[in-house]
Amino acid sequence: MLNKQEQNNKSKRTVIIALVVTVGMFGFGFALVPLYDVLCDIAGLNGKTGPKYVLQSGELETDLSRLVKVQFITSNNENMSWHFKPEVTQVEVHPGELMQVDFLVSNPTQQAMLAQAVPSLSPSEGADYFHRVECFCFTQQTLQAGEEARMPLRFVIDKDLPKHLTKLTLSYTLFDLTNSDISMASVPK
Amino acid sequence: MSAVVENELNEHHHHGPAQGISRWFFTTNHKDIGSMYLWFSFTMFLVGGCMALTIRAELFQPGLQIINPEFFNQMTTMHGLIMVFGAVMPAFVGLANWLIPMMIGAPDMALPRMNNWSFWILPFAFTMLLSTLFMEGGGPNFGWTFYAPLSTTYAPPSVTFFIFGVHMMGISSIMGAINVIATILNMRAPGMTMMKMPLFVWTWLITAFLLIAVMPVLAGVVTMMLMDIHFGTSFFNAAGGGDPVLFQHVFWFFGHPEVYIMILPAFGVVSQIIPTFSRKKLFGYSSMVWATSSIAILSFTVWAHHMFTVGIPLFGELFFMYATMLIAVPTGVKVFNWVATMFRGSISFETPMLFSIAFVILFSIGGFSGLMLAIAPADFQYHDTYFVVAHFHYVLVPGAIFGIFAAVYYWLPKWCGRMYSETLGKTHFWLSFVGMNLAFFPMHFLGLAGMPRRIPDYALQFADFNMISSVGAFLFGTTQLLFLYIVVSTIRSGAKASAAVWEGAEGLEWTLPSPAPYHSFTEPPVVK
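Protein sequence lines correspond, in order, to chains H and G. The working numbering numbers the first residue of the first sequence as 1 and each following residue consecutively. The working numbering numbers the first residue of the second sequence as 1001 and each following residue consecutively.
These are calculated hints, taken from the structure and not from any lab test. Bear in mind the structure is a predicted one, so any value in this text is a computation, not a measurement. Check the hints yourself; a few may be wrong.
The calculated DSSO-like cross-link candidates involving lysine-lysine, where the alpha carbons are at most 27 Å apart (straight line), are [to be verified]:
#, chain 1, residue 1, chain 2, residue 2
1, G, K1196, H, K12
2, G, K1528, G, K1196
3, H, K52, H, K69
4, H, K85, H, K52
5, G, K1280, H, K4
6, G, K1196, H, K10
7, H, K4, G, K1496
8, G, K1281, G, K1528
9, G, K1281, H, K10
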């Protein structure tokens, strides 16, 4: 049988191991945050369209054999009061063709406001093949009272887009950041 | 229970309990702490029960008549939080404190001072949580699952108190769990090998591992909420690059093991009681141990079955559906073993056995509705309806709560040295049984017919079943006052109990006199 001293030492070791597990699991909870993004990225979930795309030279060989319909949807989050809509709601492009679509935005209120648009592509399977060369969603937008603006989106669809995808829908949600303390570092791409 | 334990002072134990109130503040005795946990849990059970009855009173008839919708939301939220964290979990920790040292032949828990601390955090945590009801903007109103952004962007200002309350009860549970692990792994009497441990000890060991694995994740998720609310981060805020769905993933990574935390110790209790009153050994002891471990491990792989409708990919729906169904296998093994233990036993139906048999039957009903909910395509219809409410109340009320009742009736004579009244005990059982089924069975029909949960009003066609449900709830609720009377009158004036108490009972705790002396097994017993 164990004497008291041995028992205490063994207990101490058990407690230390259990505490390490506890602290480790606390950290794991936070590790789930980047892990979630990585998994969504790998699986192409959530329609996240990736960061700004840099065109390689000679890449713009257009695949004239097929056309892809791209639709644009805009919506405002909760109390966002800006008018926000695409210039055209639908375009047809060849894969590999560089295309620009402008979005019209205006601030009808009496004060300057700050906004952020967050994109999502559906079906999410196509997210990896939708490259944004230029997007207003890469930065936050400031509009003075009553100001209007045209915001450009330039994109190219990858030639490797799976054949069965003939229609992509890009949706933008506009968030009001005027009175929000969200830090710049966490802005989505 | 205090009065009786105090009578136990005798010359063999020169340092018995301290006198007066300081005994309870400073005690490091596992029996004192166990009693405090159990009384605390019962208090919370009544508080949470009053909230449930407020809900049922409002739902007695269609229309809004007693409380306004804002307060209704606070009631559903607080009822869930109080019952999960205040009633069920502390009750099991109380049972662990009382029973584990006596069952493994240890003089006390491994870390008695931490034990005191982990209990005394709880009253403060719950005072803080309950005080939010009286604050401006009211208490938590976002459901016990506190999904973001309801609990962040749209939360009442009191949410910060809720977050700290959750942190404190989390710390308490983690300390309790570490204590249980250290006790079981290091304090067993000579000869008490792991595979000789009573099943209650086994299930608690596994529960304790679940607790230290997932309570920190809960602490993490409320910390993220705190940071989103006060420090400008965007874990769950889409405008800043976060994702509200992430909240649900992290929450249920904690939440699903949590539901097993609330049921595994009850499995252990029933596995002790059924053999006693069947006068047979437990059928399939080692398969019970393996089944419990498999349930615990599988519980980490099924969390997204709570989120079938948020838009997870087809592969995810299938994976989580099949993984969830897989849990039915070890659970089925356990139910089979309990039935096989009773099979051809000479069964008698004392109160603990009645609660245990009801546990097996009604928990299985809850298990089956769980299987229905696990079917992803069907879940799209059931999600967030009263069918879900019926399901988890069937596993928690006749599961966890009946398990606790059974344990109290079974071990109360050992704790206080006095026998409860069998007539009153059986009355308590039958009233609880009828009330509980009346309250929760109609909810299955309501849910299948499409009544959404957490809404203070409903369409007229749901009126009859809701009325039945409310009547059952009030029957079940008021019956618990009888339970309080039974326990108090047993402690004060029950007939003297013998050391063995039950003729078929096996285990080290029954070798101690009744009531169990303040210090037991100071010399470890030898287990053959």
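Original post:
Holds or violated: are the alpha carbons of K1528(G) and K1196(G) at most 27 Å from each other?
Top reply: Answer holds: K1528(G) to K1196(G) is near 10 Å, not above 27 Å.
Subject >> Pair hint K1281(G) and K1528(G), alpha-carbon separation not exceeding 27 Å >> reply: holds (16 Å)
Original post:
CA of K1196(G) to CA of K12(H), is that 27 Å or under?
Top reply: holds (24 Å)
Original post:
When you check the alpha-carbon spacing of K1281(G) and K10(H), does it fall within 27 Å?
Top reply: Violated, at roughly 33 Å.
Subject >> 27 Å limit on alpha-carbon distance, applied to hinted pair K4(H) and K1496(G) >> reply: violated (35 Å)
Subject >> Satisfaction of hint between K69(H) and K52(H), Cα-Cα up to 27 Å >> reply: Roughly 22 Å between the alpha carbons, so the hint for K52(H) and K69(H) holds.
**OP:** Could you grab the alpha-carbon distance between K1196(G) and K10(H) and see if it respects the 27 Å cut-off?
**Re:** holds (21 Å)
Original post:
Is it true that the CA of K1280(G) sits at most 27 Å from the CA of K4(H)?
Top reply: This hinted pair is violated, its Cα atoms lying about 37 Å apart.
**OP:** Take a quick look at whether K85(H) and K52(H) sit within 27 Å of each other, Cα to Cα.
**Re:** holds (22 Å)
Checked against the numbered hints above, the structure breaks hints 5, 7 and 9 and satisfies the rest.
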